[in-house]
Amino acid sequence: MIRFDNVAKRYATGHEGLSGVDLHLETGEMAFLTGHSGAGKSTLLKLIGLLERATRGQVWVNERNLNKLRARDVPYHRREVGMIFQDHRLLHDRTVFDNIALPLVVAGMGHAEVTRRVRAALDKVGLLKKDKVFPISLSGGEQQRVGIARALVSKPPVLLADEPTGNLDPELSREIMDLFVQFNQVGVTLLVATHDVELISRLGKRIIKLRDGRVAADSGADG
Amino acid sequence: MARRARQPGFRRNRNPVTWLLRHAQMSLASLGRLSRSPVSTLMTAAVIGIALALPSGLHLLVDNVRQLSSSWDGSASISLFLADAVSDEQAATVREQVARRPDVAEAQLISRSAALDEFRRLSGFGQAIELLDHNPLPAVVLVRPAPTVQDADAVGRMAAELQNYREIELAQVDLQWVERLGAITGAIERAVLILAVLLAGAVLLIVGNTVRLEIQNRHSEIEIVKLVGGTDAFIRRPFLYEGLWYGLLGAAIALTLVLTALYLLDGPVERLAGLYQSTFSLDVLDPISLFGMLIGGPALGLAGAWLAVGRHLAQVQPE
Chain A
1 MIRFDNVAKR
11 YATGHEGLSG
21 VDLHLETGEM
31 AFLTGHSGAG
41 KSTLLKLIGL
51 LERATRGQVW
61 VNERNLNKLR
71 ARDVPYHRRE
81 VGMIFQDHRL
91 LHDRTVFDNI
101 ALPLVVAGMG
111 HAEVTRRVRA
121 ALDKVGLLKK
131 DKVFPISLSG
141 GEQQRVGIAR
151 ALVSKPPVLL
161 ADEPTGNLDP
171 ELSREIMDLF
181 VQFNQVGVTL
191 LVATHDVELI
201 SRLGKRIIKL
211 RDGRVAADSG
221 ADG
Chain B
1001 MARRARQPGF
1011 RRNRNPVTWL
1021 LRHAQMSLAS
1031 LGRLSRSPVS
1041 TLMTAAVIGI
1051 ALALPSGLHL
1061 LVDNVRQLSS
1071 SWDGSASISL
1081 FLADAVSDEQ
1091 AATVREQVAR
1101 RPDVAEAQLI
1111 SRSAALDEFR
1121 RLSGFGQAIE
1131 LLDHNPLPAV
1141 VLVRPAPTVQ
1151 DADAVGRMAA
1161 ELQNYREIEL
1171 AQVDLQWVER
1181 LGAITGAIER
1191 AVLILAVLLA
1201 GAVLLIVGNT
1211 VRLEIQNRHS
1221 EIEIVKLVGG
1231 TDAFIRRPFL
1241 YEGLWYGLLG
1251 AAIALTLVLT
1261 ALYLLDGPVE
1271 RLAGLYQSTF
1281 SLDVLDPISL
1291 FGMLIGGPAL
1301 GLAGAWLAVG
1311 RHLAQVQPE
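Here the protein sequences come in this chain order: A and B.
As numbered in my numbering, residues 1 to 223 make up the first sequence, in order.
As numbered in my numbering, residues 1001 to 1319 make up the second sequence, in order.
Away from chain B, derived, C-beta distances all over 12 Å, residues of chain A:
{"id": "1", "residue": "Met-30"}
{"id": "2", "residue": "Asp-123"}
{"id": "3", "residue": "Glu-171"}
What the simulated footprint calls covered on chain A by chain B, stretch by stretch (three residues with Cβ under 8 Å from a Cβ of chain B suffice, anywhere in the stretch; the number is not a length):
{"id": "4", "stretch": "61-70"}
{"id": "5", "stretch": "83-91"}
{"id": "6", "stretch": "100-108"}
Keeping only pairs whose Cα atoms sit at most 20 Å apart, straight-line, the calculated EDC-like set for lysine to aspartate or glutamate is:
{"id": "7", "chain 1": "A", "residue 1": "Lys-68", "chain 2": "B", "residue 2": "Asp-1232"}
{"id": "8", "chain 1": "A", "residue 1": "Lys-130", "chain 2": "A", "residue 2": "Glu-142"}
{"id": "9", "chain 1": "A", "residue 1": "Lys-132", "chain 2": "B", "residue 2": "Glu-1221"}
To be clear, the hints were calculated from the coordinates, so they are not data collected in a lab.
Fair warning: this is a prediction, and the values are worked out from it, not measured in the lab.
A virtual CB, placed ideally from N, CA and C, is assigned to each residue, including glycine.
One chain only, chain A, in its complex shape (with noise of 0.2 Å):
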C-alpha cells in the first residue's frame, strides 16, 4: 500500500528531512513512526500525502507512483489518504458536522448520502450528540477526535497521524490509539507518528524508528 524506493527530502532551505528512506507498508497494516523532533517523522507523512514531493527516490501509494502524479491528481490522491493533525486543523466558523462533511461535500457527494455518512463517523468516535456544537466549544480530546471522524468519512484506504495525541493526557491518548487500532481491524492501513514510545508498546504493533532521516530500527522490517 504504501512503499518508499531510497527516499530524500531536502527543504529550499538546505535542511535534508529525510535522506535514503526504504520502507514497504502492507495494505491493512498499522505501524507506529517514532523518533526524535526532527528526525523526519513529519517529512514521511508529508511526502504520502503530497504535502511535500520527495527531491529524489520514489514513493508509492496505492500502486500510484506519486513522483508521475500530475498537480491536477494531487486533491484525487488525498482523497484516498486521510490525515489526522496534532492540531487538528479544524473550521472554527462550522458546526462539528460541516466539518466532518467537508471531505464528502469536496468530493460532490449528495445530501443524503453526507448524513448519513457524518453520522456514522460521528457515532464511531462517540460524539453523536455534539454535530450542531462548533469545535470551540469541545475539549482538545474532543476536538481530536471530530479530526479523526473527518479523516475516516470518506474510509480512505489509507490514514495518517502526525502526533494524535501530543496535547491529550495518558487517558485520552490511550483512548485514540484504541481508535485506531479498532479502523486497522476493518483493512485501513495506517501510519500514526508519535513520540509517546510507552504508549505504543502495549499495542505490539509495528514500530518504525527514525533518526536523522534515516530508519534506524523497524520491528517489523520485510517481515
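Put chain B on the given structure of chain A with help from the hints.
Leaving out everything else, chain B in the frame of chain A:
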C-alpha cells in the same frame, strides 16, 4: 509491487446533473455568505453600480442628443432666395418646378410682399421699412426635402443643384450648427467610451481586491479544503460566484440609478422641448446601455474574481 507504465486512474465525478446541482448550491452559498455581511456587500456593489451607471447614463444622454439632432437634420429646409429681377409669376413657376422634383417634399413660396409683411410684423422695424421706396426683400421658396434625403451631405448636394436654376440667386442650407452638434456628440461619445473602459478596469480592480481580501480571510479554510482533497476548481468556485454576484448586484444598482436619473430628468427635458415646440422626450434605456450594465456587470465581476483567484489561490498550500 509491480511497476506499471500507466498508473491506475482516479475516479472522477462526471455526472452533469450532480455537477449542475453542486454549482447551484455553490452559487446560493456564495450569495448567502454575501448576505451575512450586507453593509460591506452593498458598499462594494454600490461602487460597482456607480462605475457602471456613469458610462451607461452618459451613453444614453449622448444617444438622445444624437437622435434629437438627426431629427433636425431630416427636417432641414433649404431657403431659395430668388433673384431681384424675378417677377411674382416667374416665382410661382420656379416654385412649381422645384416642387415637381422627386427629392422635394414641399415647396412654399413667400412672395416679396408676403416677406415684407412678415418682416414688418416680426422685426419691429416696420416704420423704418416705410421709409424705403422699394421692397428690399427677395422672394423666397422654402424647400422641405423629401424623407429620402436623410443626411446633411445629401441636403447640401441638393442645395448645390438648386443653385443652378437661373432664377435662384442663393440656395442656403442652415445646417452648420447641426453638423457641429453632431461633431460634438461624436467627441463626447468617444470620451464616454474611454470613460467606460477606465471604469470597467476600476470594476475589475474593485472585485479583484474584494475577492483577494476574502481569500486572505479564508486562508485556513482553503488550506483545509485542499488537505481533504478539494480540487482547484472546487476552491475557485465560491470566489467566482462571489464576483458574479457582486457584478449582478452592481448592475442592478446601476440600472436603478440610471432609471432614477431618467425619471428625474424627464420633466425638465419635456419642458425644454416644449419651449422649442418639439415633442421630444427622453428615450428609455437603449439596448447598448442596458446590456452594458446587465451583461457587462456580471462579466466584469467574474473576470475580476478570476484574476484575483488565479493570482492568489496557488499561493495557498497546506503544510
